Every structure is written in structure tokens, then in C-alpha cells.
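Trainee: As a plain string of letters, each chain reads:
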Amino acid sequence: NAGVTQTPKFRVLKTGQSMTLLCAQDMNHEYMYWYRQDPGMGLRLIHYSVGEGTTAKGEVPDGYNVSRLKKQNFLLGLESAAPSQTSVYFCASTALRIVNLLGYTFGSGTRLTVV
Amino acid sequence: SQQGEEDPQALSIQEGENATMNCSYKTSINNLQWYRQNSGRGLVHLILIRSNEREKHSGRLRVTLDTSKKSSSLLITASRAADTASYFCATFTFYNQGGKLIFGQGTELSVKP
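Those protein sequences? They're chains R and V, same order as listed.
Residue 32 in my numbering is what sits at position 32 of the first sequence, and the numbering runs on without skipping anything.
Just so we're on the same page, my numbering is the position in the second sequence counted from 1, plus 115.
Don't read these hints as lab results, they were simulated from the structure.
Just to be clear, a hint being listed does not mean it is correct.
[Stated by the list, open to error] Pairs of lysine-lysine, BS3-like flavour, derived with a Cα cap of 25 Å: (1) V:Lys141 - V:Lys184; (2) R:Lys9 - R:Lys57; (3) V:Lys215 - R:Lys71; (4) V:Lys185 - V:Lys215; (5) R:Lys57 - R:Lys71; (6) V:Lys171 - V:Lys141; (7) R:Lys57 - V:Lys171; (8) V:Lys215 - R:Lys57; (9) R:Lys71 - R:Lys9; (10) V:Lys227 - V:Lys215; (11) R:Lys70 - R:Lys57; (12) V:Lys171 - R:Lys70.
[What the hints assert, rightly or not] Okay, the calculated beta carbon distance ranges per label pair: (13) R:Met19 - V:Gly155: 17 to 27 Å; (14) R:Thr5 - V:Tyr210: 25 to 35 Å; (15) V:Val159 - R:Pro61: 22 to 32 Å.
Computed from a predicted model, the values in this text were never measured in an experiment.
All C-beta atoms in this analysis are idealised placements derived from N, C-alpha and C, irrespective of residue type, glycine included.
Just chain R, with the same shape it has in the complex:
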């Protein structure tokens, strides 16, 4: 099915461990985004990418790195996980030709707990 796929869906990390979250889309979208959602905070933008090989910082980029080596994939890395990074992470994508016409497509989320 066409859409945005996030892996893994759940993960528990120990403080200081590293991990990578994968977002994959099969809609040939140029724009891809990583958000985190915390209770009472809505969604906050971590990093985003407007095309293969490009990335930019969002509202809360500290502690995260990203890479967009292929157009269909957007990776979010935590180099040294902290309890403050416990959250639900969402990936989203859209295409430049529809960005002023249709909304973003979201993945189902990754629930990350750092202990």
C-alpha cells in the first residue's frame, strides 16, 4: 500500500544507547519531516528535508541527526539517548506540487522509551 512506513513501531533504549528510526515513503515525495509528540505539547518539528541529500533543522533539533541519502528514505538518529527523548515520533511527507493543495501523509508513529 502507498504511504509512509515507520520502523520500528516500539523501542526501549537505555540511557546512552544509540538508535536509528527509519521512515520510508513510496509516493516520490520531495519533502520529508520528523516530528515528536509529547503529552500536552502537540507535534514539534525536529528536522526536515526538501530533497535527496538535503536536511534542515526544525524547532527541536538538539540530540538528533538525520540523513536523506535516498529520496524515499529519511533516517532519524539518536547518538546518545536521554530520558528526555522519550516520546512518540512521527514521520510525514508531501510533494512540492501538492503542498498548497493537499495535506501531509503521516506514518503511524514510533513509540520510544528511554530508561
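Knowing the structure of chain R, use the given hints to seat chain V on it.
Mentor: The following block gives chain V in isolation, referenced to the frame of chain R:
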């Protein structure tokens, strides 16, 4: 800080009543979008209104946009228990590096049967 602020934070109504949620934002935008999120699920896009539009309809949804006041409202008519969810407004703006979609904190809607 987040771009959008939503009001109210929580809303409880009876089935059949109308629900109105408001969103205010701070900077100029290209469009404003509304999303729904059911508990524990991802976000689903509901409706998009461009900065040069004032009102838009989609089924039981009506969205208005007032760029002079930097505010928008979402009206859900004849609400159903299935409308129970969190609703988020999000503003999209083009920048030199592309475009960003920034979310408000959301309104939690409860529709009682």
C-alpha cells in the same frame, strides 16, 4: 515556540451538537491545515485552506481563515461519537530551504452519545 495556539484545549459536547475549535498563529503563512488524531494513532489530514481563501467546506467540516487576525476556526456540524479525537491546526510556510508545517497544541474533542 509553536506557531499555533488552539482554543479550547478540551471540548465536551453531546452527539448532534456542533463543535467549534479555534486556532491562532503568529507569522505569515501559505496555507493552514487541520488534522485529526484518534487516541494512540497517527494523524489524518482533514482539510487545507490557502492564504487567499476565506472559507472552505468538506462534508460536515467548515473551515474559515482570517489572515488579518491570523486566526482560523474549524466547525464540525452534527457531531457523532466517532468524531471523538484530538484536532490539530498546522500552518505551512515556504522558506528559502523549502517549507515547514508547524503544529498547534491541539483540541481534545469528546462527543458523548
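Trainee: Please go over all the hints and tell whether each is borne out by the structure.
Mentor: A quick look at each hint next to the structure:
{"no.": "1", "hint": "V:Lys141 - V:Lys184", "in the structure": "9 Å, holds"}
{"no.": "2", "hint": "R:Lys9 - R:Lys57", "in the structure": "24 Å, holds"}
{"no.": "3", "hint": "V:Lys215 - R:Lys71", "in the structure": "18 Å, holds"}
{"no.": "4", "hint": "V:Lys185 - V:Lys215", "in the structure": "17 Å, holds"}
{"no.": "5", "hint": "R:Lys57 - R:Lys71", "in the structure": "18 Å, holds"}
{"no.": "6", "hint": "V:Lys171 - V:Lys141", "in the structure": "21 Å, holds"}
{"no.": "7", "hint": "R:Lys57 - V:Lys171", "in the structure": "32 Å, violated"}
{"no.": "8", "hint": "V:Lys215 - R:Lys57", "in the structure": "10 Å, holds"}
{"no.": "9", "hint": "R:Lys71 - R:Lys9", "in the structure": "22 Å, holds"}
{"no.": "10", "hint": "V:Lys227 - V:Lys215", "in the structure": "35 Å, violated"}
{"no.": "11", "hint": "R:Lys70 - R:Lys57", "in the structure": "18 Å, holds"}
{"no.": "12", "hint": "V:Lys171 - R:Lys70", "in the structure": "36 Å, violated"}
{"no.": "13", "hint": "R:Met19 - V:Gly155: 17 to 27 Å", "in the structure": "22 Å, holds"}
{"no.": "14", "hint": "R:Thr5 - V:Tyr210: 25 to 35 Å", "in the structure": "27 Å, holds"}
{"no.": "15", "hint": "V:Val159 - R:Pro61: 22 to 32 Å", "in the structure": "26 Å, holds"}
Hint violations for this structure: numbers 7, 10 and 12, all remaining hints satisfied.
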